[in-house]
Structure formats: C-alpha cells, structure tokens
Amino acid sequence: MMLLLIPLFPFLGFLVNACIGKRLSKSAAGSVAVAAMVASFAVALTSVIQLAGLPEESRHITQTVFTWITSGDFTANFTLRVDPLSALMILVITGIGSLIHIYSTSYMHEEPDSEYARYFSYLNLFASFMLVLVLGSNFLVMFVGWEGVGLCSYLLIGFYYTKKSASDAGKKAFIVNRIGDFGFVLGVLMLFVTFGSIEFQEIAAKAATMHPELTFGTLSLATLLLFVGATGKSAQIPLYVWLPDAMEGPTPVSALIHAATMVTAGVYMIGRNAVLFSLAPDTLMIIAVVGAATAFFAGTIGLVQNDIKRVLAYSTVSQLGYMFLAMGVGAYTAGIFHLYTHAFFKALLFLGSGAVIHALAGEQDIRHMGGLKDKLPITYWTFLIGSLAIAGVPGLAGFFSKDEILFKTYEGGHMILWVVGMLTSLMTATYMFRLVFLTFWGERRHAPAGHGHAAHGHGHDDHGHDAHGHGDHLHDAPKPMAFALIALTVGSILAGYIGLPHALGGSNRLEKWLEPSLTAPHVVAAAGEAPAGEPAVAAEAAAEHGEEHGEAVGAGVELGLMGLSSVVALTGIGLAWFFFVSDPKRSESVAQSFSGLRTVLLNKYYVDEAYNAGVVQPIRVTSEQVLWKVVDVAGIDGAVNGTAESVGGLAELLRRVQTGSVRAYAASLLLGAVMVFGYYLWR
Amino acid sequence: MFNAISSNSFFIAQIGIAAVVWFLLQISAAVMVYFERKVCAWLQQRVGPNRVGKAGVLQPIADVVKLLFKEELRPAAADPLLFALAPIISATAAFAAFAVVPFGGYTTLLGLLTEPLPLHVADVNVAVLVVFAITSMGVYGIVLAGWSSNSKYSLLGGLRSSAQMISYELSYGMALAAVLLLGNSMSLRDIVNVQGGDLNVFGLFSIPHFRWFLFFNPLGFLIFFTAGVAETNRAPFDFPEAEQELVAGYHTEYSSMSFGMFFLAEYINMVTVSAVAVDLFLGGWFFPGIPESLGWLVFLVKISVLLFFYLWMRWSLPRYRYDQLMAFGWKVMLPASVLNVIATAAAVLYFGL
Amino acid sequence: MPSLNDYLILSAVLFTIGTAGVFVRRNLITILLSVEIMLNAVNLTFVAFGRAFGTVDGQIIVFFVMTVAAAEAAVGLAIVIALFRHRESLNPDAFTALKW
Amino acid sequence: MLFYLFGAVAVIASLLVIAQRNPVYSVLLLITSFGALSGLYVLLDAPFAASIQIIVYAGAIMVLFLFVVMLLNAPHEDTDFDERTHPMLRPGPMRFGALLAVALIAELAWALARSSPLTTFTNTPVTSIQALGRTLFTDYAFQFEVTSVLILVAMVGAVVMARREDAPGGKR
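Chains as they are written, first to last, in our numbering: chain W, 1 to 683; chain D, 1 to 353; chain V, 1 to 100; chain E, 1 to 172.
Warning: the hint list may mix true and false statements.
The calculated label-pair distances, taken between Cβ atoms and stated as ranges, are [to be verified]: (1) W:Met-675 with E:Asp-139: 30 to 38 Å; (2) V:Glu-88 with E:Thr-122: 55 to 63 Å; (3) W:Tyr-679 with E:Tyr-4: 54 to 62 Å; (4) W:Cys-19 with D:Val-332: 53 to 61 Å; (5) D:Gln-14 with W:Met-675: 54 to 62 Å; (6) E:Gln-130 with W:Val-647: 54 to 62 Å; (7) V:Gly-54 with D:Tyr-106: 41 to 49 Å; (8) W:Glu-645 with E:Val-102: 27 to 35 Å; (9) W:Tyr-679 with D:Val-332: 55 to 63 Å.
From the derived model, a few chain E residues whose C-beta atoms are all more than 10 Å from chain W [to be verified]: (10) Arg-21; (11) Asp-139; (12) Val-146; (13) Val-153; (14) Met-161.
Sample of chain D residues at the chain E side, in silico, Cβ under 10 Å [said to hold, decoys possible]: (15) Glu-36; (16) Leu-85; (17) Leu-129; (18) Leu-159; (19) Asn-184.
It should be emphasised that the hints constitute simulated quantities derived from the structure, not laboratory data. Note that the Cβ used here is the ideal one computed from N, Cα and C, for glycine as well.
This is chain W alone, in the form it adopts within the complex (with noise of 0.2 Å):
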C-alpha cells in the first residue's frame, strides 16, 4: 500500500544519511536526502490524486500498517489515512519539503560532510515524522509525530550546537514544547476516558450526537487543554517565546519547521478536530482572541526587530496568530486556507532572506545591509513578490486567505477581532517592506569591523572573510537555491487561486474540498439523527456556517471588505516608504519621541525575562533548594543506602551460621526434621 511509502521514503533518506553519512561524499548524501523527499512527494501526488477520484462522501483512503497497543478493550492501530485536509499537507509538506532540501544542499555547502549528512540526516528525520504527523488517524500516531518533530525542531536549532546561544535556543524550544505536549496528552486522555476512543472519526462521530449539557464541560475543557498543546506547537500566546530563537538554526530549517510546516501543526490539530471544537463555541472563543492577541503582539515587535530572520519570526507567530483567528471564529477552511499559502511565502521570505545571509557572509542584522537590489537581482525580485504576498496586495496568494479570514471574523460578528486584525495586516505590510526597503534599498551599510565576524556564527566563516574583503561583488543565489526561490515565487503568487471567493467569480474550490474533513462523518451523523440529531446538525452549521452566511452577508460586503484591505496593505507600504526610504531621518526621530515604547518593543516586552523570573528561576531553585539538597539526598538516597546498611548488618549476624561444616548442616536439617515429626505426633 502506498500510504506507508509516504512517511518511509524520508525515513529511509534518514537512515542512510545517519549511518553511513560520515563516509558519504556532500553531494551523495544531499542527493539522496533530495531523492527521498522527492519520491515521497510523487506518492503524496498520486495518493491524492487517487483520492480526488472518489466520491465525496467516501473520500478518504485508510492503510493499517500494524496493530500498535492492546490492552483490554483498546486498541491502537498504526493507522495512516488520508483525506483531504491530510491531503493537501502532505502536499505542503513534501513539495515545499523537497524545494527546501534542495535549497539546501547549496546553502550549506560549506559544512564538512560529517556535518552535511547529519544536517540533511535531521531534516528527512523531520519530513517523515511531520508526514505522520498530519497523516495519522488518532491521536496517538498523531503524538508521535508530534513528537517527533518536536525532537527534531530540536536537533536543527542546536545543529551549530557549539555555539552557546544555539544550543540554548535548541532547549528552550524543547522545554516550551513539553509544556504545551503536556496539556496536549492530558486533551487526549480525557477525550478517551469520554468517548473511549482516540481515533479522529469515531470521536467526532460521538461528539456530533452527543447531547449538548453532555459535552457542555468536558468538551471545553479536552479541547481547552489540546489548545495548550497548540500553543505549544505553533507558537502562540503564552508560549510563543520559543519560535523567535529557533532563528539560531540554519535558515532553511527556519523556512521548513518554523514558518512552513512544524509550526502549523496546531492549526492543522484544530482543523482535525474541527467538529469537536465546533461544540465547545467557549473554547473557540479563547482561541479566536488568543489568535488575534499573538497577531497583533506579534506584529508590534515585529516593527522593530532588526535582525533580518528574527523579523521573519515575529511575522511568521503573527500570521499563525491569523490562523488560530480563523479557527477561533470557525472559519477552519480560511484558517487552512492560509495555513497553506502562508506555507508558501513564508518559506519564500525565509529562503530568500537565507540567501542574503549566504551572500553576505552570515550578515544578520538589516542596518548593515540595502543596496543588495542590484547585487541580488534574483532574491530580491522573489523576496519583493513574497512581500508583496505577506503583505495581501491583491492577486497574490497572501491577499486571498487573510482577506478570507478577515471576511470571516466580520460576518462572524466579531467587531474588535476583526479591528484588531485589520491593523495587524497594517502592520504586517509595514514591518515586511521596512524590510525589504532596509535590505535591498538605498546604500550599502557595512558592519563595524568584527561585528560581522561575531553575527555569523554559521560555517560561514571561510568564505566570510573574502566575502568582507571585496564586498563588491557579492554572489547571487546558486542555481539550486534560485530554482527554489523561483518555483516558491510562482507558488506564492498562484496559490491563492484555488480558493478564489464567489464573490471574485470563483467557486471557492478549497472549501468544498475541505468539507469532508471538517464536518462529522456523514453515516453517524445520520445514524445519530434519531436520538439527539440537533447536535449533530449544529456541528455541520458550526463547521459550515461560513458557507450559509456567505450568502446571507452578500458579495457587496466581501468586495467592499477586500477593497478595504488591499487599501490598509498599500497603506502600509506606503508608510513604510515613507519612514525608511524617502527621509530615514523619520524613522530615527519617531524613535527617538517613543523611546520608551520602542525600547520595550525591542525587549519583546520584556516576556522572557517576565518567565525567567516569574517561572524558570523559582524551578530551579526549588529543585537545587528543596528537592536535590534535602528530597533526593536525605530521603531518596537515605532510604537506599539504609537498607543496604542495615541488609549489610543483618548479613553480618546471620553469617555465624556459616560453620562450613557439612555435619553441622546435616544436624540442623536432622533437627528440623525431628521437631516438625514431633510436633505432628505431639498436638
């Protein structure tokens, strides 16, 4: 069956690469790390093609590779399916997947081979576990992919693992990680004692004929807790923190794990279980504000960062807080909507960004770069087109799936989210061409002599230095590096159109497509019209009330909101032209009039040192403090090293009896013997 080849392919990649790596010349092991993804990319493709050819209500094709876990009545299987949702991420994951691997196998060329290897080694170790991540059909082959792209988001932010802040950076995401895979597992565990299943269908089919004061709080409550693990996963408010400094990795894995794929997988979690967060509208509710909070947060600092991929960053948790808007107002195909064409220009920005860094010689920082316009004609001209798309200038991808969203949250009724959103896309035009004006635009600014050297901590080093040394002639992106900038530009711009509104004419193709997935399985659901249909019907006009009030609204209003919004990005644009390219001076001078306000941007609001105080240091001490010095030493340790002692000391009694004489031995049995005979003939 074909399923299973999907994930495998890359896992093989991995295990050639991790074995026999070392010994593997850098183009042997970059091809085959390619070939595997790009065969696992023609499966996805046929698989789902495959599943276009189905009718609708039985769109979905199921392979059980083995029978994980028994135990009494539960079973797991290793179940891989696909259905459409599934099927346009795994689309996702593999193209953009291999247009990244190729990408890399240019940018990091200049690594030794052992670390090449290792390097690819991780990333097809990290397409295979995203692709059971999004393929799996219950929650626990879910966690393992889960997982497992947590690990290997891991290993790729701490690959520089010399350098200090990497590796850092590397445990700090981990950490945050688990925090949010703990109120994740503690959602699955409780789905299961309720519906006792794990697997996606059966327990949408359960929920959607559930009574609704049945799942009035446990619903909320499961939901809630899958939420926190979302957070987790894809950044968002309270536990964003992480993605900013998993910039420290290398710039591809940047655009794979941290703005294309790994980072949707709460979103796509959401997505997953659209019906049972449709029944918990309490929970949909928090997510919608979180989504937009983290947006507008984000956004804000993102105006002022200066680093180029820490921008990038800000941007990237701002369009997922997007996201996780859509999904809150339950506008799921909007929410994947953009999901999808984000995975696009996100990775475009960052692939195009990356190949600044490559070209600069590790240069990070944005006030020591511009002028690259000409040097760079091709990344600028594919960065410029991804702006553009961030940015949601109509006709490109961006501009379709935020517009949805907006669209959405309006007619959803909710005034201040979709205020707040509007402003954030402000600001996302904004930031995104204030980068692009400081980076290509205007003179060439060179580094402080050395600040350069210490900004690139990469293995650029060798090359960093002629790079310095004439600066002039700076190198375009390599041939491998320009395809896939190019090949994600088209994307970026053409993406947008399968999920053309109705109201531009189009028939929004994306949302039927969709439908399956999102609403409850159509069998049960009739199944469960006797009983309590009423839920279950609600639960499609949740997952489908977009639709409905898409005619109810009208075109008039969407036009009018479209219009409203490409007006807000040329706004945006337009006011970063006007700060850093017309007069820089502007710019400095508004800084100077909110200094405060712009220093406390620069700290990113201060939240990691708000969590080191308030979370990290109290842990540490209290296990340096309490548990270590008093728990584990006294008692843990006591208590072990006592009964050794006191086994010791009865040992040391007992040995006496040890005369080493046969006779002796013989004696006691033979006394033994005589009393027990005794006792029988006595009592």
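With chain W fixed as given, assemble chains D, V and E onto it according to the hints.
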C-alpha cells in the same frame, strides 16, 4: 514365586535335578579346559594334549589334581578375609546364575514321576532379571580379589574388570530388553515356549518349532553374545587377566584351589551365558522335527556350538586395547543396543509379533 | 506372617542407623553409604505399604528412589574424588573453608 | 521365619557398615544388607523391586563406590588430619547428631505405638511386571521423564567434576 512343591517324590526329583545341574557344571568346566586346549591346537595346527589317557582326555583330571595338591599361598600384605572370600563369591555367582535357567521341557523320567517335572532348578517369573542380577554380582569376586591381594597388577586387573563389566552390563541388559519385548514375559520358560511356535516365512510356508528370536532380532543376539564375552572376561576382552600386561590380572596372587575356583567360575560363566543365549535367542530346547522329550539334548548341542564360538574367538582374535574396549562399549555397543530396543518395540507394535 | 508394623519398625531402625552413621562417621564415603542406608529404609516402607494397599505405586516410587540414588552416588562420588585430590583426606571436617 | 532372618541380616549388616573402619568392608556389608532387603522385597511379593535392588544398587551403585574406594586407596579414618582437627568442630555436631538420631527413633517408635496395627497383608499382591510397567508409563510418565533428565544432568556433572585438570580426557 517358587512354584509349589506338590509331593515328596517330586521334591526329591527336584533336589536330584539341582544336584545333576551342579555336577554337570563342574564337569563342563573340566571338559571345557580340555576342549580349549584341543581347539587351540587345531587352530594352531598342533596336536594338543595327547599324553594323559587317549588323546589326552584325562588331561583335565590331571590339572585338577595338580591344583588340589598345590600349596595355598597368601601374600602377607593381603586382606585375609576378602582374599579368601573373593574366589568363593565369583564361583557362587557363577553357579547361582544357572539356577533359574530352564534347559528343557517337562519330563516324567520315563514314567517314574506321577506328574511331569519341569527341567529347571527354579522357575522364577523374573528369571531374566535374576540372571542379570547374579552376573552383576560376579563382578565383586574379581574386584575384591584384585583389591584384597594388595598387588599393583591385581588391583589394576580388578579395576579394569569392574569398569569393563559395568560398561558392558548396559548393552547386555538392553539386548535382554529387546528379547523381553518379543517374548512378552520375563520368565525364561515362557520366552522359550514362545519360540516353540511356528516360524512363518513371508506367509509362504511355516516351519514348526522354529520361531527363534535370532531371526527377529539378529542384532540383539550379536550384542548379547559380545557383551556376554566381555562379561565373562574372555578374549578378545580378557583384560582382567591380560597376561602380557598384568601377569595374570586379578588372580595373580592366587594359587591352588582358590585359583581353581576363579578358573571354574570363568568356564561356568561361559556356559551360563551360552545357556541364557540359547534360551533367549536360539529357541531353547526346540528344534524342527525333534520331539520335545529330547529337548535337553538339543539344548546341550546348542550350548556346545556357542561354547565352540567362544574358543574359536579366543584363539583367533587379538586383544583390544583398554581405551578401545571402553570406546567400543560406550560408543558402539550401547547406542546400537538402544536403537535395537527401539526398533524392536516399533516392530512389535507394528507387526504385532 | 509378619505384619505391616514389623516392616515399619525394621525400616525405622534402619533409617536411624543410617542417620546415626551420617553423624558418627568421619569418612565421606561412609557417610554416603549411610545415606544409602536411609534411602533403602524408606524404600522398604514404600514397598511394604504398596503391598498393604495392593498397589504398584510403592514399587514405582522405589524405582524412582533408586534412580535418584544412582544420580546422587555418581555426583557425590565425583565430588569426593575432587575433594580428595585437594586434601589427602576424606574427613568432612577437613573441608570447612566455605564459611564466614 | 524368613522375615526375621532377612531383617536381622539387614540390621546387623547396616550396624556393621557404620561400625566399620575400613570402607571396603563397609561397602561389602552394605551390599549384604541390600541382599537382605531384596529378600524382604521378595517376601513382599515385589520380585521386580527385588531384582532391581540387586541390579541397580548392588550391581551398579555399590560397584561404583567400591571402585572409588579402591581408586582413592581409601584411607582409614585416623588420618593425620583428625589429630589436627579443631576440637570444638569435631565432636560437637557428632554427639548432637547421635543424640538427634536417638530422638528420631524414639519418635518413630512413638508413632508406631500410636498407629493402629495393620495386622497382615490382606490385599492380593500385584506381582505382574506388566501392571507395573503400565502404571509407570501412564500415571508416572512425567515423573519418569523428569528422572531421566536428572540422570543426564548427574552424569554430565559427575564427568565434569571428577575430571582432573591436567588430563583433559577426564576420569570415570
């Protein structure tokens, strides 16, 4: 288990039989000595004993007389009691073994007796086991002789023979077991009677009184006989008394009649083993076309044939080396006999013999 | 005709003799012999009871006991030989090294 | 009365076994006692038990003993060691054990006194070896197999232990 004594005359008759058997055994020893030499002579193209009496027939008598008149020597360092006991033990064992061996059908001594008298000293329903037990007792005679006479050669001879006998008893017993399966009894008389049946040759024709187990179990016979040779310490297994190596083995220190007893025991053991072999494999006192009344004669003939084999072997085969003997006993005889038992059991089950 | 009790008394006596032997003697081989005496005393009771109840089980157990005795003798004597090689003595009190 | 004859022989022989200083005599006396016992078995209508008593015990096990005694050229008990024995170690357990033996026989006597005397053997004896074999290989089949394993183990163990290091061939 001893069958009831019915009447006086009968009782007397039994005593008589016992006496006759005892006497015959003695004689057989003497006869054997004579024939041993004669056969040896033939095989070596010599004349052999020819001075005493006609063709030296009286030679054995002369030997016995010589033995009787020799001085009874005993080494100073020897253990007096055991030294005296050893030959007695072996002789007793030799005689006793024959007690349970039936050597003929029933006779009324030409009508002297009212009811027919079975030709055996004692009928035991586990006769086979008894024979086995007594032969195993015979070991002690030799071992003790070897030990008590307190001389290196004797001790070595004794140890060797004990090891050898223990090793070969196993194959001996296994061969017996195979026959027990065929005879479906442990009483020698029953076994012989079974062999008195008709031999059915591939359903073509049948020979009366010819159902000998030799035909059903030739390998068993071979093993039994070989083991018997070893048990009786005869060439090519005569280690306890390997002249070239141990002077005379366990009876080096013995002289006069005590030596004579060992001598006697050896020959009687040969007779006993042959008799048992005849009973077990060669159809006892049955022979096609000869009336059962003459059974004892048939029996005698058969025994003589086997005894001749003994002599023949002794004078034509060289002696093994000790380790070869052991290796042969444990690695060839024992497995072979075990396989033989298994095969026989399978056959009995399959053909319902 | 002796009764069952007579046999039992006899075996009791034999068993005690064996037991005493184990303690009184200072020669490993003799001690093993005493153990054999004990085993046989037990065998006697088994056969006697089997006869009394008219079953064969007694004899069968005797059969097993003998097998065990053979095994025990083989191993025991092997040990005796090994021990004798180490110290030129068969006195059990010579082998008291295995103690505290 | 054969019973008393055999019984007397058995008891006296056994007593002599443990009274004897020379192990060779002990072995021989033990064989005698075994002979007497097998006679008792015959009286108990157990010919099979009687035969294997002789064959296995007297014929095999005892030969083994005798063999070992001769091989070690069995030292009489007063070896130089005994003089060097730790006085506290030697007699203590011996006396105590003897005492216990006495206590044991006292208890046995008591037990017999209490038991209701089964006067004679009324049941019909089972002498047929067929019956015995049938029981052995049906009801006791498992025990039989276990015993065979035991024998195998004992054999290997004996070979391994009795082998001396310099002679790889080992000794029997």
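So, going through the hints one by one against the coordinates:
no.: 1; hint: W:Met-675 with E:Asp-139: 30 to 38 Å; verdict: 34 Å, holds
no.: 2; hint: V:Glu-88 with E:Thr-122: 55 to 63 Å; verdict: 57 Å, holds
no.: 3; hint: W:Tyr-679 with E:Tyr-4: 54 to 62 Å; verdict: 34 Å, violated
no.: 4; hint: W:Cys-19 with D:Val-332: 53 to 61 Å; verdict: 55 Å, holds
no.: 5; hint: D:Gln-14 with W:Met-675: 54 to 62 Å; verdict: 56 Å, holds
no.: 6; hint: E:Gln-130 with W:Val-647: 54 to 62 Å; verdict: 58 Å, holds
no.: 7; hint: V:Gly-54 with D:Tyr-106: 41 to 49 Å; verdict: 33 Å, violated
no.: 8; hint: W:Glu-645 with E:Val-102: 27 to 35 Å; verdict: 44 Å, violated
no.: 9; hint: W:Tyr-679 with D:Val-332: 55 to 63 Å; verdict: 56 Å, holds
no.: 10; hint: Arg-21; verdict: 18 Å, holds
no.: 11; hint: Asp-139; verdict: 28 Å, holds
no.: 12; hint: Val-146; verdict: 24 Å, holds
no.: 13; hint: Val-153; verdict: 22 Å, holds
no.: 14; hint: Met-161; verdict: 16 Å, holds
no.: 15; hint: Glu-36; verdict: 29 Å, violated
no.: 16; hint: Leu-85; verdict: 8 Å, holds
no.: 17; hint: Leu-129; verdict: 4 Å, holds
no.: 18; hint: Leu-159; verdict: 6 Å, holds
no.: 19; hint: Asn-184; verdict: 8 Å, holds
Of the numbered hints stated above, those contradicted by the structure are hints 3, 7, 8, 15, listed in ascending order.
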